[in-house]
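Residue-level listing of the chains:
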Amino acid sequence: GTGVATMKFKSPPVNSLSLDFLTEFCISLEKLENNRACRGVIITSAVPKIFSSGLDITEMCGKSTEHYAEFWRAVQEMWLRLYGSNMVTVAAVNGSSPAGGCLIALSCDYRIMVENPKFSIGLNEAQLGIVAPFWFKDTFVNIVGHRVAERSLQLGSLHPAPEAHRFGLVDELVPEEKLQEKTGAVMAQWLALPDHARQLTKSMMRKAVLDRLVAHREEDIQNFISFISKESIQKSLRMYMEMLKKKKG
Amino acid sequence: GTGVATMKFKSPPVNSLSLDFLTEFCISLEKLENNRACRGVIITSAVPKIFSSGLDITEMCGKSTEHYAEFWRAVQEMWLRLYGSNMVTVAAVNGSSPAGGCLIALSCDYRIMVENPKFSIGLNEAQLGIVAPFWFKDTFVNIVGHRVAERSLQLGSLHPAPEAHRFGLVDELVPEEKLQEKTGAVMAQWLALPDHARQLTKSMMRKAVLDRLVAHREEDIQNFISFISKESIQKSLRMYMEMLKKKKG
Amino acid sequence: GTGVATMKFKSPPVNSLSLDFLTEFCISLEKLENNRACRGVIITSAVPKIFSSGLDITEMCGKSTEHYAEFWRAVQEMWLRLYGSNMVTVAAVNGSSPAGGCLIALSCDYRIMVENPKFSIGLNEAQLGIVAPFWFKDTFVNIVGHRVAERSLQLGSLHPAPEAHRFGLVDELVPEEKLQEKTGAVMAQWLALPDHARQLTKSMMRKAVLDRLVAHREEDIQNFISFISKESIQKSLRMYMEMLKKKKG
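Order-wise, the sequence lines are chains X, W and V. Count along the first sequence from 1, then add 562; that gives the number in the numbering used here. Count along the second sequence from 1, then add 562; that gives the number in the numbering used here. Count along the third sequence from 1, then add 562; that gives the number in the numbering used here.
Treat the hints as calculated values from the structure; they're not laboratory data. For clarity, every value in this text was computed on a predicted model and none was experimentally measured. Please note: incorrect hints may appear among the correct ones.
Since copy identity is lost for identical chains, a pair holds within one copy or between any two.
As a list, the in silico DSSO-like pairs of lysine-lysine whose alpha-carbon atoms are at most 30 Å apart [said to hold, decoys possible]:
#1 LYS769 <-> LYS792
#2 LYS769 <-> LYS797
#3 LYS792 <-> LYS593
#4 LYS808 <-> LYS740
Chain X with its partners taken away, still in its complex shape (with noise of 0.2 Å):
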C-alpha cells in the first residue's frame, strides 16, 4: 500500500458535524493513527459542493445540558486527535467549509481547495451571535497571524477561495479536476521526509495550542453548556435553522 488514507466525508446533504459524526471520526482517525501502515491520511468530502458545514446546530438547541456536555467533548476530541495527528494530514477542501468545518481544514498540515469563487471558507461564527472557542483561535491565528483572524472572526468572514489563498488560511488553489493528483503530490512530498523527525517537529509546533485546550477542557465544556443555554443563543440558533430550511424549502 502506499500508507495513505482517505476519509471521505459523505453525511449528506452538507456533511454536519452531528453527535455520531464526531464519534465516528474520532474512531476512524484513533485507528489509522494506530495503525504502523498508515502513515497519511487525506480529508474531503463525498457530498458536491460542500466540505464540511461545521458543528451540527440540531446538537445545540433545545437539548439537555448532558447533551451539550456530551457533544461538546466530542468537538474538543476530534481536534485534540485531529491537530495532534501524528500522520500527515492534508485537506482537499472541494467545496465550502464554514465555522467547525472551517477548523477541521486549518487542523491538517496543508489546505488544498478547489478555485472556484463560489466555495468559501472561514470561521463565522460570529455571524450566527455565537463565539469561536479560544482553540479555534488558537488554531487560525497560528496561520494566518493575529491580525488576519482579528479581523476576520470579528466580522464571522466566510472567504471565497482566492481570498482565502490570498490570506494563507489555504495554501493552494487547484481546479477541481486537478484535486485528486494535486493532494497525491503534496502528500508524497510530506511522506519523503522521516516519520520521527517530522512527528517531532510537528508537536514541537502545535504542543502549545494543544496542552492549553488539555489543561482548561472542563473550563471549555462549562462555558459552552452557560453560553448555549442562554434564551437569547437559544433563539438565534432557532432562527438561524428556521432561515435554513427556507433556503432548502
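Since chain X is already given, all that's left is putting chains W and V on it; use the hints.
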C-alpha cells in the same frame, strides 16, 4: 441615530497628546462606552495633514516625578480604554501619525488612511532616543507580526502611507475625498454583526495583551519615570523640541 | 574608524560549525561586543558559494557524552551571543546556508542574500532525520511567522534565494557584485539611530525567546545528548556523511 459617534481631534497645531488632551479623550470615550445607543466610533482629525503627532513632549521635559506619573497613567488609561473598547473603532487617518498617534490608530479595529505618500505613520520613538513601551510593541506585533515590528521599532521608521499599507499597518488607502464615505461603509459592515458575539471575540483576541499592562501598570509607570528623568534623555528631548521650534519658525 | 567590523567565515570547504569554529566565533564576538568603538558587525563568508553549511556532523558522530555536551553548549553560546548582541548585526549571505548556517543568518538584525537561485537557505534538519531545537524554531517563527515555519521545518525545506525572500526569511536580494555596497548602506542606516534606544528595543523584542533557552539550557543539552546518542540517529548521520564524501569524491 446611526449609533456611530465621531471623535475629531482638534488641538492645533499637531494634535499632540497632552495630559489635558488625554484626559478629555478618556472621558469622551467612557461616555460613549456607557451610552448604549452608541455602537461605533470613528476617530479622525480636524487638523490638516496631521492625525496626531503623539505624546506631548512638553509633558515629559523638566517636570516633576509626580507629573510624569500622572501623565504616564493617562497614556496607559487611554490605551486600555481604546484597545479594550466594546465599540467598533475605526481610525480615519487623514494625516501623519507618528509615535503615540500611531498607537491610537493601531488600537482601533480598522485603519483607513489617506493615500497621500507625504503622510506617514509609525512608532518612531527610537529616532528620538527613547523606547516604545512593551504594550505599544505588543499592539504593533499583533498587527504587523514580529519581524516587521522588530525592524520598524529598531529603526524608528515612519512609513509613508503606501508602505504602511503594504505592511498591513493600515488596512486600506483611499483618496482624501473618499475617506468619509469609505469610513462609513466599513463601520456599517462591522455594525452588521451582532454586538455581543463581536465584543466577546474582540476581547478574546486582545485580552492577553491588555492583561499584561494591567498586571504591570505601576512597574511600567516607574520605568517611564526613571527613564525619562535621565539627564541624557532630557537633553535629547530638549534638542528635539528646539529642532521642532526652528522648523516651525 | 567606521565602527563596523566584518567577520568573514573562512573554514573551507564549507564553513561547518565545528567546536573550534564556534569557540573562535564566540571569542571574536565577545571582543567586538566589549569594544565600545565597534557598533556593528557584518557576517559573511570567504568561501565561494557557501555561507555556512551548519553544525559540523563529525562533532555529533561517534563521540563521548562529554563531547556532545561541550559541543552543544558552544552552539547555544553562539546563538545567545549573536541573537542577544547589542551591536547591529547584518548577514551578507553570499552562498548556501542550511541548518546552523541559516540560524546564524536568522540571528542577525538584517539579512541580505545574493540573488542566485542556486543558493538556498533553511532549517533542513528534518531531512537528516533530526529535529531543530526549540530555540532554532523560536528564532525562525519570530521572522517568518508560525505557518511558514511549521511547514518549512516539517519538510526540512531549503529555500532558493528568491523563495526565501518571498517568505521574508531574507530581507533583500542583490546581485553578488552589489553585496558589499548594499550591506554597507544597510549598516549605515541602522547605525544612524542612537545606540541606547536601539539596543533596548532589540532586547525588548528578543528577550522572551532568549530567556527561554537560558531557563532550559541544561535540559536542552541533556535532550541533545540523549537524542544524538540513539543508534538510529548515529546511523543516519553516518549515512549522511558517507553521502557527502561520495559527492565530494
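Hint check results:
1. In the homo-oligomer, the alpha carbons of LYS769 and LYS792 lie at most 30 Å apart only across protomers (23 Å), although the nearest pairing inside one protomer, at 33 Å, exceeds that limit.
2. Proximity of LYS769 to LYS797 under the C-alpha cut-off of 30 Å is restricted to the inter-copy arrangement: shortest distance 28 Å between copies versus 37 Å within a copy.
3. For the homomeric pair LYS792 and LYS593, the shortest alpha-carbon distance between copies (29 Å) is at most 30 Å, but the shortest distance inside one copy (37 Å) is not.
4. In this assembly of identical chains, LYS808 and LYS740 lie within 30 Å of each other by CA distance neither inside one copy nor across copies; the values are 35 Å within and 39 Å between.
Comparing the model with each numbered hint stated earlier shows that hint 4 is the single one that does not hold.
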